[in-house]
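Peer 1: Given the coordinates of chain L, work out where chain D should sit on it, guided by the hints.
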Amino acid sequence: MKLLEYQAKEVLASLGIPIPPGKVARTPEEAAAACAELGPVAIKAQVPVGGRGKAGGIKLAKTPEEARAAAAQIIGMDIKGFKVPLVYCEAALEIEREIYLGFTVDRDARANILMLSAKGGMDIEQVAEESPDSIARLYPNPWRGPLDFELNQLVFKAELGELARPLTSLIKKLYRAIPELDAVTAEINPLVVTKSGDIVAGDAKLEIDENAAYRHKDLEQRFGSMLEGDAFEVEAKKRGLTYVSLDGEIGIIGNGAGLCLSTLDLVQRAGGRAANFCDLGGGAKAEVVENALAVILMNPRVKGVLMNVFGGITRGDEVAKGLVTARDNLKMQLPLVVRLSGTKEEEGRQILKANGIEPEGNAWAAAQKIVQLTRVTA
Amino acid sequence: MSVLLDASTRVIVQGITGREGSFHAEQMQAMGTKVVGGTSPGKGGTTHLGVPVFNTVADAVEATGANATGIFVPPPFAPDAIMEAAAAGINLIVCITEGIPIQDMIRVKDFLRGYPSARLLGANCPGLITPGVGKIGIIPQRLTLPGHVGLVSRSGTLTYEVGSALTASGMGQSTIVGIGGDPVLGMTFTDVIELFEKDPATTHLVVIGEIGGSDEERAAELLGRGTRLKTVAFISGRTAPEGKRMGHAGAIISGNRGTAKSKEEAFRKAGVAVAETTDEIVGLLR
Chain L
6 MKLLEYQAKE VLASLGIPIP PGKVARTPEE AAAACAELGP VAIKAQVPVG GRGKAGGIKL
66 AKTPEEARAA AAQIIGMDIK GFKVPLVYCE AALEIEREIY LGFTVDRDAR ANILMLSAKG
126 GMDIEQVAEE SPDSIARLYP NPWRGPLDFE LNQLVFKAEL GELARPLTSL IKKLYRAIPE
186 LDAVTAEINP LVVTKSGDIV AGDAKLEIDE NAAYRHKDLE QRFGSMLEGD AFEVEAKKRG
246 LTYVSLDGEI GIIGNGAGLC LSTLDLVQRA GGRAANFCDL GGGAKAEVVE NALAVILMNP
306 RVKGVLMNVF GGITRGDEVA KGLVTARDNL KMQLPLVVRL SGTKEEEGRQ ILKANGIEPE
366 GNAWAAAQKI VQLTRVTA
Chain D
211 MSVLLDASTR VIVQGITGRE GSFHAEQMQA MGTKVVGGTS PGKGGTTHLG VPVFNTVADA
271 VEATGANATG IFVPPPFAPD AIMEAAAAGI NLIVCITEGI PIQDMIRVKD FLRGYPSARL
331 LGANCPGLIT PGVGKIGIIP QRLTLPGHVG LVSRSGTLTY EVGSALTASG MGQSTIVGIG
391 GDPVLGMTFT DVIELFEKDP ATTHLVVIGE IGGSDEERAA ELLGRGTRLK TVAFISGRTA
451 PEGKRMGHAG AIISGNRGTA KSKEEAFRKA GVAVAETTDE IVGLLR
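In order, the protein sequence lines correspond to chains L and D.
Just so we're aligned: the first sequence equals residues 6 to 383 in my numbering.
Just so we're aligned: the second sequence equals residues 211 to 496 in my numbering.
Pulled out of the complex, with its shape left as it was, chain L reads as follows:
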């Protein structure tokens, strides 16, 4: 679960990390009122994706009038596929310097990594490429967390020694997000040192591990419904499906992440583009297939559906039954191409044939066929 900035800041504040005063605004009027109360503010788009500054999603406003105009521009704007539902109006900071502070999972090291750099701000990725040594790194022990001397070393290595005390204390607070909240990313960039010498979180990115959601139902309840992503993805999640929206015209159903990805590759190779895909997972029953087809067809861009299933634990007859039922219930008229192999493939193919679906022999042939059929109808 990726939290929005204002949600992440609420969480950081609850861990004891200073944040600037701010207010959420859903309308330009609310933004104007926030500015009247807080003084000059930054009006910031709230979307669960990076790069909003460069996309025009952050504007400074000195007066309520400017705040109203900025919010009117930003609310409803599309940033990397996310429609901005609301803005966060935050008191403008008198910035002395910007620091980078981030935790994430280093999958190659199979460990959490903590990174600190005196060169914070928007260009931190460039800093990482050009002068990797200016980013100090620490792999804290996952059972006991970082020790004081380790953090002290880190801070001096990052040439931030003059801030050693306040920084080590702040890093320890941020680290709590890992064991206590199952954060897989907890990043403050910039961590702002103000002209008056305070250290506050200028921005905040917090991503909670989906696998650990069962331990954090409170967070899900507080914030989950606010994360307005793609409407189809929201619906798929409600039905317990793994679903991803893309921007082509072919709907894809597969079983297993690897097979779904390789099916996308085949469709593209055949000259088509996927509109979305749905992963049935392992051992899917007929009902799951019915749900998957329903969600795939909700997207009006879908001009045809390709189902590619290889049964290991999944049974071909179950999949075929679910597909036929769903097609009939949904009165699906669009082209439907199926490749079904593996466990109970003969039984599955018989069911398909008896219901007017001629299964393809292999995945590549199936991909070519659906691309051809959707071209004709396009």
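Hint data in this document are derived by calculation from the structure and do not stem from the laboratory.
Positions of the beta carbon are idealized from the N, C-alpha and C atoms, including for glycine.
A couple of the hints might just be wrong.
To be verified - Computed list of lysine-lysine pairs in DSS-like fashion (alpha-carbon distance at most 25 Å, straight line):
hint, chain 1, residue 1, chain 2, residue 2
1, L, LYS28, L, LYS200
2, L, LYS124, L, LYS200
3, L, LYS28, L, LYS59
4, L, LYS85, D, LYS471
5, L, LYS242, L, LYS336
6, L, LYS177, D, LYS319
Said to hold, decoys possible - Selected chain D positions facing chain L (in silico; Cβ < 10 Å):
hint, residue
7, ILE316
8, GLY391
9, LEU432
10, ALA450
11, ALA459
Stated by the list, open to error - Negatives, chain L to chain D, calculated, CB over 12 Å:
hint, residue
12, VAL29
13, ARG102
14, LYS200
15, ARG220
16, ASP223
17, ALA279
18, LYS290
19, LEU302
Peer 2: Same frame as chain L, but now just chain D:
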């Protein structure tokens, strides 16, 4: 011959009385795997599927001499099950469980440093199978054939698909190993390839990777230093959309690695044939 699992491997199943554990333990027995027992806390002293059930892994090891385990317990209990197995002296720990929180796995990986002889496969993996000999996990036996191809894969379904294509064309397998798809894993491609390299029965190698992480790049580096195995690699996800990323931390540590392009180039540079589709794998391997 084979890697990791042979006729002498004595296997227990953690969670043997559960629905999944029970079903797959029976499948494992059906192909001749030496399943010597299982665990299910509170049910020690009973018998299930004709083998003794124990309360703890330590009890099972003491009574049966087990040296391998298959874990089929739900995500909240699986991390502890892995550590329990390592502490009891099990050498091969195969964790099938899907959905374990990443932070739990990071702690497990740290714990396992204290048990260097314990190898962990997974979690979130289909396990491994030595055709004609035995299996730990859920890979269907009928897709496989004894032979000389080593197959190592991050994806479950593609493992089945490619295994079955090899079988259909008469190319049998020495061992098929599914390392799993989670970001924080036990054995890596490199670990498994090193075992295949030393196994006299393995002459060919198929590596099935996917986007993310840089384990495939490391495997390519290893193979580039020289191998006796005729190898084909396949990477899924070359057209996958870039993840909608938040924050810079991921990019700082991974740079350009992790893409399908980076992985395919790494294999080509190492002199390894790269299949563009799974259908091409068998032809390139011949």
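Peer 1: For each hint, tell me whether it holds in the structure or not.
Peer 2: So, going through the hints one by one against the coordinates:
Proposed proximity of LYS28/L and LYS200/L is supported: the alpha carbons are some 23 Å apart, at most 25 Å. Distance check on the hinted pair: LYS124/L and LYS200/L sit about 17 Å apart at the alpha-carbon level, within 25 Å; holds. For the given pair, LYS28/L sits about 22 Å from LYS59/L by alpha-carbon distance, which is consistent with the 25 Å threshold. Using a Cα cut-off of 25 Å, the hinted pair LYS85/L and LYS471/D holds, with the two alpha carbons roughly 23 Å apart.
The suggested pairing of LYS242/L with LYS336/L holds, with an alpha-carbon distance near 23 Å, which does not exceed 25 Å. Of the supplied pair hints, the one linking LYS177/L and LYS319/D holds, its CA atoms being roughly 22 Å apart against a limit of 25 Å. Given hint, ILE316/D at the interface with chain L, holds; its Cβ is 5 Å from that chain's nearest Cβ, closer than 10 Å. Taking 10 Å as the C-beta cut-off, the interface hint given for GLY391/D holds, the closest approach to chain L being about 6 Å.
Against a cut-off of 10 Å between C-beta atoms, the interface hint on LEU432/D is violated, since the closest Cβ of chain L lies about 14 Å away. Checking ALA450/D against chain L by beta carbon gives a least distance of about 5 Å; that is within 10 Å, so the hint holds. With its C-beta approaching chain L no nearer than about 4 Å, ALA459/D sits inside the 10 Å limit, and its interface hint holds. With a minimum CB-CB distance of about 19 Å to chain D, VAL29/L clears the 12 Å threshold, and the non-interface call stands.
Distance to chain D confirms ARG102/L as a non-interface residue, since its nearest Cβ pair spans about 18 Å, more than 12 Å. The beta carbon of LYS200/L is kept farther than 12 Å from every beta carbon of chain D, the shortest such distance being approximately 25 Å. Distance to chain D contradicts ARG220/L as a non-interface residue, since its nearest Cβ pair spans about 7 Å, not more than 12 Å. For ASP223/L, the requirement that its beta carbon stay farther than 12 Å from each beta carbon of chain D is met, with the minimum near 16 Å.
Distance to chain D contradicts ALA279/L as a non-interface residue, since its nearest Cβ pair spans about 8 Å, not more than 12 Å. The beta carbon of LYS290/L is kept farther than 12 Å from every beta carbon of chain D, the shortest such distance being approximately 14 Å. Non-interface status of LEU302/L relative to chain D is upheld: no Cβ of that chain comes within 12 Å, the nearest being about 20 Å off.
In summary, the structure is inconsistent with hints 9, 15 and 17 from the numbered list given earlier, while agreeing with the others.
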